[in-house]
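Chains as they are written, first to last, in the working numbering: chain A, 1 to 288; chain B, 1001 to 1248; chain C, 2001 to 2327.
If you are wondering where the hints come from, they were derived from the structure by calculation, not from laboratory data. Treat each hint with caution, since some may be false.
Said to hold, decoys possible - The calculated label-pair distances, taken between Cβ atoms and stated as ranges, are:
no.	chain 1	residue 1	chain 2	residue 2	range
1	A	P125	C	F2261	54 to 62 Å
2	B	G1195	C	L2084	53 to 61 Å
3	A	Q11	C	T2284	18 to 26 Å
Owing to the predicted nature of the structure, the values given are computational and were not obtained by experimental measurement. Built from N, CA and C at the ideal position, the CB exists for glycine as well.
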Amino acid sequence: MDPMVSMYISQGIHGIAYGMILFLIASGLNIIFGMMGILNMAHTAFFMLAAYFCYVVVGITGNFWLGLVFAPLFTAVLGVVMERVFLRKAVGHMGELILTMGISFVIVAAIKKIWGTESLPLQMPEILSGMVNIVGVSYPVYRLFVIGLALVILVFMMLLLYRTRLGKIVRAAVSDRDMVNALGININMVFMFVFGVGTWMAGLAGVAIAPILTVFPGLADQVGMDAFIVVVTGGFGSLAGAFIVSIIFGLLSSYGVQFVSQFAPVLMVVFMAIVLAFRPNGLFGVKE
Amino acid sequence: MNILETKDLKHSFGPLAVLFGVDLQIEEGERHAVIGPNGAGKTTLFNTITGTYHPTSGKVFFKGKDITGYKPHKLARIGIGRSFQITSTFMNLTAFQNIRLAILSKDGVRFNLLRRVDKMQRITQETDEMLKRINLYEDRNTPASALSYGKSRALEISMALATNPELVLLDEFAAGMSKEETADAVALIRKLTEGKTVVIIEHDMDVVFSLADRITVLHYGKILATGKPEEIRNNQAVKDAYLGDLEV
Amino acid sequence: MMKNKLNVVWWVIGLLFFAFFPKIFGIYYTNVMVTLAIFSVFALSVNMLLGYTGLLSFGQAMFFGFGGYGTALALTHIPGIGVLPAIGLGVLAAVVLALILSPLVVRVSGTAFAMLHLAFGQLMYVLALKLYNITGGEDGIANFPVPGLFTESLKSSPEHFYYLAMVILGISTWLMWYVTKTPFGQIQVGIRDNAKRIDYLGYRVPQSKAVIYVLSAFFAGVAGSIYGLFHNLVSADGSLGIGMSFAPIISVMIGGVGSFFGPILGVAIFQLVDELILRYTESTELVMGVILIVVVMFMPTGFVGLYRMLRQKISARRTPEAKKEKA
């Protein structure tokens, strides 16, 4: 195959893999926002924290798979704690935004204190490293794994939302919180669960990206900002919006690096500005 | 002459149609009541007329001019005011500041960044006069959130009237009021709306029959009848659909 | 009449205090005062949006940064430019940026407004780092000339700089206070309380927001410009970083959202706490984070709110007791 074409294709795979990671973070943000009306500014800090947890687990056990399982779980537990202990006390959306931002600052500071500011390498398992050759183009296995993982999570989320009683409650609460209250469902438990799942997804994304970008304290800023832009552009609370925009952004970023190198981050903000100029509430957003 | 007219006004929320072609006609200077059972679409009718929603189809005319889809601020400027069923005042501002915002708009003081508002004597004077007329002068410096229910409703209605509109739409102004409060509010409205056209939505039939010159009955998004109170009282269709239950 | 005379007395005392401040307290505290004044104006510009219109921006630093970069670039590249025109150009840069963004941002509010500014703010930060030829990248722009009004350079005379800065910042503060007293300022408070009703009263909400947005950018630009001159350095981290967007929010929160002078108190407290804690830890992030959490959880109305509440409680306790005694 023409090397140019094969380069484009593999760049595209890179983009989709990155888009999938963005989607994992953004959809976690979105289900929390849709359910509770809270934009969790600490979400990306949790995302980064999971990468560090994974680093620790791998350091102790030498097993990436254990990291993949346990790091997101630890993160989810912390997320739930934050929701129970801190977030309940915040008044209004402004209070929530500022409080979660404060928590984000504290997490980042703690990470720097504990692990320093160095980039920590995370070895991916043998089976996922290397390349695989499909119809003449070679792909990095790990990126394909990330895409697969995200798709599995997506299916899992869909099943959870559309096939379970809990999912029904969550969807009902998104459209009418009072009604769910009126049905006598313990909404606080549902909130806690949703917060846990949302943070867990951020954690998965953190673990997934760690072997690609290494683990460092700028991770939250670098990737997190992209995820926030995804949410704004796709529309608050919209999973479909988050999915589409994540893929677009993933591709923009990987091809952007190819053609305009360091100005790739600018492309996303420009894209966001154009979308919002025509649809102030995002691609799939409804009015607040 | 009709000051306000709607022609085949329709509105739906997604698949749920609420107004099925309403032809409302309001004569200049009259007090007109829109009545109907819950869910008849009264508030939706108000909302489509006053720019909260853009009607799905149909037209709204004010003094012969097509005003369909005008935004609220534009309607306010051409002389249409409204009050809300659920009190919608500025809770953290005092009664005086609430009314003053309406007076400022009436006098066209909007983007003034040069003068201090408390030094504008004419505005202060007009605001105080209004407060006296609505018996809120003693509560001049009370925050709206601390007013009694009757008083906060009076403030709600007065804000709509303080901009001096030609046409004012009052959405259930007596909602939740006691008998005495209602009587006071009716007297207040009589006093403040002299020479203006008033459209009210109301459930309290005593209020409707004491205040309205004409009545329109809305029933499941359509007009069932329009006429003088006597005609409505004796209208068989209205009795069957609605009034009969209320033993007027 | 009495009240007016008393006011004049306070004004004179205040002016004398600031006029003789450098002589009395010496150079170190003079510089502290300039810093406080800069961040007061910056925090007030945030409060103009947050407290008076209800718009929370996570990217106010971009206007602060534009003010700084504009001034620094003017002084670097325009030979013989005076300090006032240079400040003017910096502020102009901030205002132009606000004008460009205003049609977009005034259509959204709440969370989307905050996030949009976070994104734009980060964009400006990234651009400042990458456009090396203009902005000097990570190093920023440093050692540009700082001419005085009457002297060749203000660099070696912090006292002169103090007077220049205090006059400009003082006027800015007074102007922002004045705006809250105008009819327009009243309408802003109305928008914060109930934007829907403001619309029904005949005011154009988006346009009002746009005006306040640009005004806020103007004053953030003033603060940024003076800040750049003060340090003789404008850099991405120093003027455009995300911390610079949050520092004024923290000050406003500590002082009390919506009260005019609360944010100034907040700036003083925040700077003090920052100064004290930084003796024990390197991490400004930690300090900011902890303050944000504590303030939101335990004193959401800030010190001004706390003060009002205490006063109310005391007067409420007094009245029934007084009545009892009479009985």
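A quick look at each hint next to the structure:
Take P125 (chain A) and F2261 (chain C): their Cβ atoms lie about 60 Å apart, and the range 54 to 62 Å holds. The supplied range of 53 to 61 Å is met by G1195 (chain B) and L2084 (chain C), whose beta-carbon atoms lie about 57 Å from each other. In this structure, Q11 (chain A) and T2284 (chain C) break the distance hint of 18 to 26 Å, their C-beta atoms being roughly 39 Å apart.
In this structure, the one hint that does not hold is number 3.
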